[in-house]
Amino acid sequence: MKDLPEYEPRSNSWEKIIKRKDFDSQLSKNLNELPIYSPSELAWNRIEEELEKKKQTFIWWPLLIAASVSGLLFLAFYQYDQSEIQIQSLQQADGINIQNLTPENNGKGETELDYLTGVKKDSSSYEVIDGEKRKIDRTKEFIPEIAVEKQQELVNSFIVKGMDLETRGKPIDSSEMQKKTFHTVAISWDIRNTKVRLTTKIGAPDPLLLEAKNKEEIYPQGQIRLGQRNIIDFK
Amino acid sequence: MTQIQLDSELIEQVIAQDRKAQFQLFELTKRMIYSLAYRMLNDEDLAHDVLQETYVEVFQKIRSLKHPEALPSWMKTIAARKAIKVAKNQFEFEKIDQHPDPLENQFDSWFDGELLDQAIRELPPGARAVFMLVTVEGYPHSEAANLLGISESTSKSQLHYAKRLLKTRIQNLLRV
Chain A
1 MKDLPEYEPR SNSWEKIIKR KDFDSQLSKN LNELPIYSPS ELAWNRIEEE LEKKKQTFIW
61 WPLLIAASVS GLLFLAFYQY DQSEIQIQSL QQADGINIQN LTPENNGKGE TELDYLTGVK
121 KDSSSYEVID GEKRKIDRTK EFIPEIAVEK QQELVNSFIV KGMDLETRGK PIDSSEMQKK
181 TFHTVAISWD IRNTKVRLTT KIGAPDPLLL EAKNKEEIYP QGQIRLGQRN IIDFK
Chain B
1 MTQIQLDSEL IEQVIAQDRK AQFQLFELTK RMIYSLAYRM LNDEDLAHDV LQETYVEVFQ
61 KIRSLKHPEA LPSWMKTIAA RKAIKVAKNQ FEFEKIDQHP DPLENQFDSW FDGELLDQAI
121 RELPPGARAV FMLVTVEGYP HSEAANLLGI SESTSKSQLH YAKRLLKTRI QNLLRV
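Those protein sequences? They're chains A and B, same order as listed.
The first sequence maps to residues 1 to 235 in full-length UniProt numbering.
The second sequence maps to residues 1 to 176 in full-length UniProt numbering.
Pulled out of the complex, with its shape left as it was, chain B reads as follows:
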């Protein structure tokens, strides 16, 4: 994912509630926000709802943003929060089996981004949310746990579980 650089003048215009500037910001960032929401929820309609709610909140609260250069990551956090709120009832952070993974050292396949994305979207909602926040978006475990309302150790074990499932799913997808 490429980092989006936003013009400070554009941000100032968005803060001034200029509709054209708002649309410009939307055009520049919509893929980033929608991809995050869609990957977390694996549902187009829900992802669109999250996208809409995210931009409405961004345009309403942008005045309170202390560091305008942090706008893209601020927007992502809002989107992640909205997605978590939508999928909260789907999250199940069941106790993960702590036995060593038999496939730990046996992964012997090549995969690309497309295949990885498909495998991510097939993960269980809870594990997918942790994987998206920690591995894809780069949040530390403490922050991800805080966003999801779980403990840091649960976040770590869920990430481990997600990676184990990804290996299996990628190999299954390659066999198909």
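Chain A extracted, bound-state conformation:
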């Protein structure tokens, strides 16, 4: 040992040792050497018990949810059914087709019926004003159905006293005319009052002929007038 040579360490050796004594260096080294703690032997039993408990409660959850959902559905269906019955009874009492008054039809349908005025509203009309599409609330006239009979065949010739419409200008024989009587039928109604008035005069003088006479025309002319508010049905 005595004869062995001695070696000199590097000059920065002490500095390196001091550096390792530094708090942060020791901290990072000792973090990997922190003691490890073990839980008690009963820890797993407690976890297992808890898992079993959760398992049991977990089974009930879907059943509870399903039961509450089906209950809500039943209630909703019952409510809907009751409202349907109410609508049907109202419909029967008023004799009006209330299907058009339901919110579904109001949203989708092209026309909607004003229950109070009996007027059909066209809700699907739009107009472009200054490049902007605007909805126009148009009101259609409510036309009550007068006849529900099978549609009659249209006559080719319509004879008005004093003339034949097909062969215009050809006067009808006066002996033939005398045999016939004329009926005046006037149907009138109003938008505000839903009353329909029907006036019939049997054997009334021909208004067309009278008009022709007043104008001192040689040949009587047939004229059918359609009023702005009234429609005359010549069935």
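All the given hints hold, so there is nothing to weed out.
Straight-line alpha carbon distances no greater than 20 Å define the calculated EDC-like cross-link-like pairs of lysine to aspartate or glutamate that follow:
| # | chain 1 | residue 1 | chain 2 | residue 2 |
| --- | --- | --- | --- | --- |
| 1 | B | 20 | A | 50 |
| 2 | A | 19 | B | 108 |
| 3 | B | 30 | A | 41 |
| 4 | B | 88 | B | 49 |
| 5 | B | 85 | B | 152 |
| 6 | A | 19 | B | 112 |
| 7 | B | 163 | A | 33 |
| 8 | A | 29 | B | 112 |
| 9 | B | 163 | A | 22 |
| 10 | B | 61 | A | 48 |
| 11 | B | 85 | B | 43 |
| 12 | B | 88 | B | 53 |
Over the 10 Å line for every Cβ pair with chain A, so calculated as not near, a few chain B residues:
| # | residue |
| --- | --- |
| 13 | 10 |
| 14 | 12 |
| 15 | 65 |
| 16 | 69 |
| 17 | 78 |
| 18 | 81 |
| 19 | 154 |
| 20 | 173 |
Derived from the structure by calculation, the hints contain no laboratory data.
The beta carbon of each residue, even a glycine, is placed where N, CA and C say it ideally should be.
Given chain A, put chain B in place with the hints provided.
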């Protein structure tokens, strides 16, 4: 702390709710989780509660884990969250004195892991939680702050405070 490598087959069995596999996973990881909880709370009973709650949640939610290889760190995060929840009312993040530490350059002692652990567990709860999350578990300040419900700057100042206290406590322990 050594990193735990878990077999992918074992993880699959745990996902399938196999009780034996669950027990095996518990045996492999219980020390890691318990040590984290115990060090954060410095209370055995509370640490056991956290351990139990952690494993129950792990076994229940393991199906939602997208990357099974991240299972150990996922478990640690769950345990840390549970421990924070338990000790939340103990946390006090008081304003730290920003004056320079007189012992900053005067630390002249050797210490080991045992001594460091003792000093950590004696830290105030708030500073201990930050030190555990950032220095021991390696969470970035942003994530630690998020877990603790504090700002990032508070997390940084609390870490600085914790280190300063550790130096003093280690030197005191060495004197004893």
